[in-house]
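Chains A and B supply the protein sequences, listed in that same order.
The working numbering puts the first residue of the first sequence at 1, with every later residue one more than the last.
The working numbering puts the first residue of the second sequence at 1, with every later residue one more than the last.
Treat the hints as calculated values from the structure; they're not laboratory data.
On a predicted model such as this, the values are computed, not experimentally measured, just so you know.
Each residue gets a CB set at the ideal place from its N, CA and C atoms; glycine is no exception.
One or more hints might be untrue.
[Stated by the list, open to error] Subject to a maximum C-alpha distance of 16 Å in a straight line, what follows is the list of computed EDC-like cross-link-like pairs (lysine to aspartate or glutamate):
| # | chain 1 | residue 1 | chain 2 | residue 2 |
| --- | --- | --- | --- | --- |
| 1 | A | Lys242 | A | Asp290 |
| 2 | B | Lys15 | A | Asp277 |
| 3 | A | Lys202 | B | Glu123 |
| 4 | A | Lys682 | B | Glu123 |
| 5 | B | Lys141 | A | Asp639 |
| 6 | A | Lys622 | B | Glu82 |
[As the list claims (entries may be wrong)] Have a look at the derived ranges for each label pair, beta carbon to beta carbon:
| # | chain 1 | residue 1 | chain 2 | residue 2 | range |
| --- | --- | --- | --- | --- | --- |
| 7 | A | Lys237 | B | Phe65 | 47 to 57 Å |
| 8 | A | Asp733 | B | Ser78 | 38 to 48 Å |
| 9 | A | Lys664 | B | Asp52 | 38 to 48 Å |
| 10 | B | Ser127 | A | Leu734 | 34 to 44 Å |
| 11 | A | Phe253 | B | Lys10 | 35 to 45 Å |
| 12 | B | Ser78 | A | Thr366 | 41 to 51 Å |
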Amino acid sequence: MSKIQQINRRDFVKLFGLASSGIVLGCNISSDKKGFIPQTEGAFIPNLFVQIQKDGKIILLASRSEMGQGIRTSLASAIADELEADWNYITVKQAVGDAKYGNQNTDGSRSVRTLLLPMRKMGATVKAMLLSAAAKKWEVATTVCKAENHYVINTNNNDKIFFGDLVDEASKVPVPAEETIQLKKVKDFKYIGKTLKSIDLKDFTHGTATYGIDIRIPNMKFAAIARCPVTFGTVKKFTKNKAVKVAGVAGVFELPRLIPPTGKFFGMLGGIAVVADNTWAAFQGKKVLDIEWNYGDNYSFDTEKFKEKLTKRIAKKGKLVPGGSGNVNTAFKNSKNIVEATYHVPFLLHAPMEVPNATAWFQGDTIEVWAPVQDPQTARAEIAHFFDVKLENVIVNVTFLGGGFGRKSKSDFVIEAVAISKKINAPVQVVWTREDDVQHSFYHATSAQYLKGSIDENGKVTGWLQRVGFPSIVSSFKPLSDYASGFELGMGFTNTPYKITNFRLESVKAEANLRIGWMRSVVNIQSGFGNNCFIDELAFSAQKDPVEMHLDLIGKDQIAKGKSKHPYNSKRMKDVLKNTARKAGWGKKMPKNHGLGVANHYSFYSYVATIVEVSVKNERLKIENIWTTIDCGLALNKDNIINQLEGAAIFGMSIALYGKISVKEGAVAQHNFYDYRMTRMKDAPNIHVDIIDKMHEAPTGVGEPGVPVMAPAICNAIFNATGKRVRSLPISDLGLV
Amino acid sequence: MEKSLSINGKSYTVKVQEEMPLLWAIRDVVGLTGTKFGCGVSQCGACSVLVDGLLTKSCVIPVSFAFGKEIFTIEGTSDNLEFLRKAWNDGNVPQCGYCQSGQLIAATSLLDSIEKPTDEDIETAMSGNICRCGTYTRIRKAIHKAVALKNESR
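Just chain A, same shape as in the assembly (with noise of 0.2 Å):
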């Protein structure tokens, strides 16, 4: 945060769209440049904003999407503990896409991490002006002022004043310089590290919470698009004649592809749009239509036949991936024990419960959307570049998000609006089918992997060789990129938590012939996988105890050298694993047909171990019991981060017992929640969430880190119980569930 500053009140009365008088406060936050997906253009001048309402209202403006994820009382709780606010008084709007607020793109689990201290100094600042009006007005000294539940207290004589009634002066104090401002000591904080149940409760459980597809203005259509089944094909030929003759459909027509530019966007697929009065007819129209395709290069593609060829590729030498250590070749020489494994997980869909969609309204020079978006920034700057029109005369309403996972990233469905919306010129909502979703999304690339490993006499690992192929996120920014970029290695392969004398990486060719994105927690999914997996059979192998293993190798107590904000501290990974052996009550006798398994992975700066209780019993698997325990630094908001692992558990096992998109003559298999299945109540297990508290460290990720230990936890679980390595994912094509 460099500069705090008032805002004129023009531009405030634009940014909250109601013409209420108080203070309003925006600041100046430190850019947050680094994403692994392309950065929209432009300065990062970022504003945040904070209001104080004469009858007290305290209205915070989030520049984060909400999720799920809890973000609008995470930062409005940060906020309102410097302030010393009375939680009742505050209010959350959610901000539109424009970079004075800094980075808006919410996804790496990042929001807390770099917006925690922002958000705290701007709470302070505040209660900095207020302390000097109230001052002023008693003609005391600032010192002797302090504030405390929504007042400032006179402490010479306990004199106190409402929040609201400071308004007037505070708005002439003039804001203090950010060096002056100080910050609560932790043992003072009110409601950081505490609980704060979501402030959108409310509406979460009256139907009163605006998702994207709840979007309604005057004279709207709604759209649905029909997109090739093969990926990036092209209509040949269409038919209308059905389509048209459904009831409501008000018109068909084609929508040619949008190539995005090398490096950034995601323009769209392009299909045939039916336009009609509601979004049944849409989907009616659409489902009668008459296309023949171009189905182009893809058609070719097959997922079987790409496992194979992937594990073709990991059977022999890759490219050298640089950060490795000694030789393993030496290693492998001289161990008696030899382990080799192959690991297997197939492509991942996001399947937020909401749909993509969007509402767009094109009118000329304007274009104005509503859209549950996770970078409104990106889509933003995409249409002004599609439309051309400029940035500033491009509104994008940030909607809450009936869950994103990485998939409402992509802005693909608001290009889709938007050029509908100019085709028809009128306000449309293009609303996806769960099958669209399904068919078209931008995938969890499919990943093979090989481990060999080496074990001397003492149960030491001494050698560890990993080759690793996926097809690259990359490529759907710069088409024939073909191997794994180094961001993506670094999510889990290069940095792993584990010391070996002789380490080597290697990184196989793996082509793109789906749209690749990035889904919750993203290739630690498939590293975490392979790690974890792969430790249990060297520790099997070795005759040690897994937990025991996973400490060997975690190695003695040491925090990483260099420059980052969070350096990887191995007493953390250690203790958050011996915290979950502890839990489970890891070495008890289990009863027959019961098995623990245990995971551990270190991703988006936190430190998450878990384990595993299934049983298998007539060749049924049931999940029992989870124990995970995260370090995630100062835990801003408790029972919501017990929530999110709580969630990500859940998440972390439909990806294990069921998640596989499969591909035949280039188009997907799976429709809908039939044949791409998801847990349910009757699956979920008693989940049990520890927080190891660091309220001294600063904050790291929560949304993704439990996941990737999911899969391998119960995958070791399973061959605990049974004997049986499950090597390739999901759970579902081995018959166990």
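Use these hints to put chain B onto chain A, whose structure you have.
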């Protein structure tokens, strides 16, 4: 064709195709958007409503089925729904919130038929509703809590 739909005790005159699924009549024609679209094939329960008290996946039931019947949606209120809302609140259940309309309606239906459901009852009644955020354990606890709140209020 103009017909009348009774939703949460209020009558709405609608002009709809008889075969239009009830979900879209509620959302796009009547304009009550609390009931959600999730799959369109009765797989996820986001569209759950009660029709004459019966739990119904509105995405696959034609609107004509509901003519002359009483439809209950998340915008409505009932004793059981209010106890559930309170319990959902106490348990900080929702994450993204999108499926929770359907979850609450399914849970209302459960409490309407079973006064004190067991875990097994809950699993049976609630397994038609997907929560991608994974709030199942909280939903399970909240249903038990709603029963407790109801008993306390007596």
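Status of the hints after comparison with the structure:
For the given pair, Lys242(A) sits about 8 Å from Asp290(A) by alpha-carbon distance, which is consistent with the 16 Å threshold. This hinted pair checks out: Lys15(B) and Asp277(A) have alpha carbons roughly 12 Å apart, not beyond 16 Å. Taking the CA atoms of Lys202(A) and Glu123(B), the gap is about 25 Å. The hint is violated against a cut of 16 Å. A threshold of 16 Å between alpha carbons decides the hint, and for Lys682(A) with Glu123(B) the separation of about 5 Å falls inside it, so the pair holds.
A distance of roughly 15 Å separates the Cα atoms of Lys141(B) and Asp639(A); the hinted pair therefore holds under the 16 Å criterion. Taking the CA atoms of Lys622(A) and Glu82(B), the gap is near 34 Å; set against the 16 Å cutoff, the hint is violated. In this structure, Lys237(A) and Phe65(B) break the distance hint of 47 to 57 Å, their C-beta atoms being roughly 39 Å apart. Taken as a hint, the range 38 to 48 Å holds for the pair Asp733(A) and Ser78(B), whose Cβ atoms sit roughly 44 Å apart.
The beta-carbon spacing between Lys664(A) and Asp52(B), approximately 44 Å, falls within the hinted interval of 38 to 48 Å. In this structure the supplied range 34 to 44 Å is violated for Ser127(B) paired with Leu734(A), their Cβ-Cβ distance being about 22 Å. A hinted range of 35 to 45 Å for the beta carbons of Phe253(A) and Lys10(B) is consistent with their spacing of about 38 Å. Between Ser78(B) and Thr366(A) the beta carbon distance is about 45 Å. The supplied range of 41 to 51 Å therefore holds.
Of the numbered hints given earlier, the model fails hints 3, 6, 7 and 10; all others are met.
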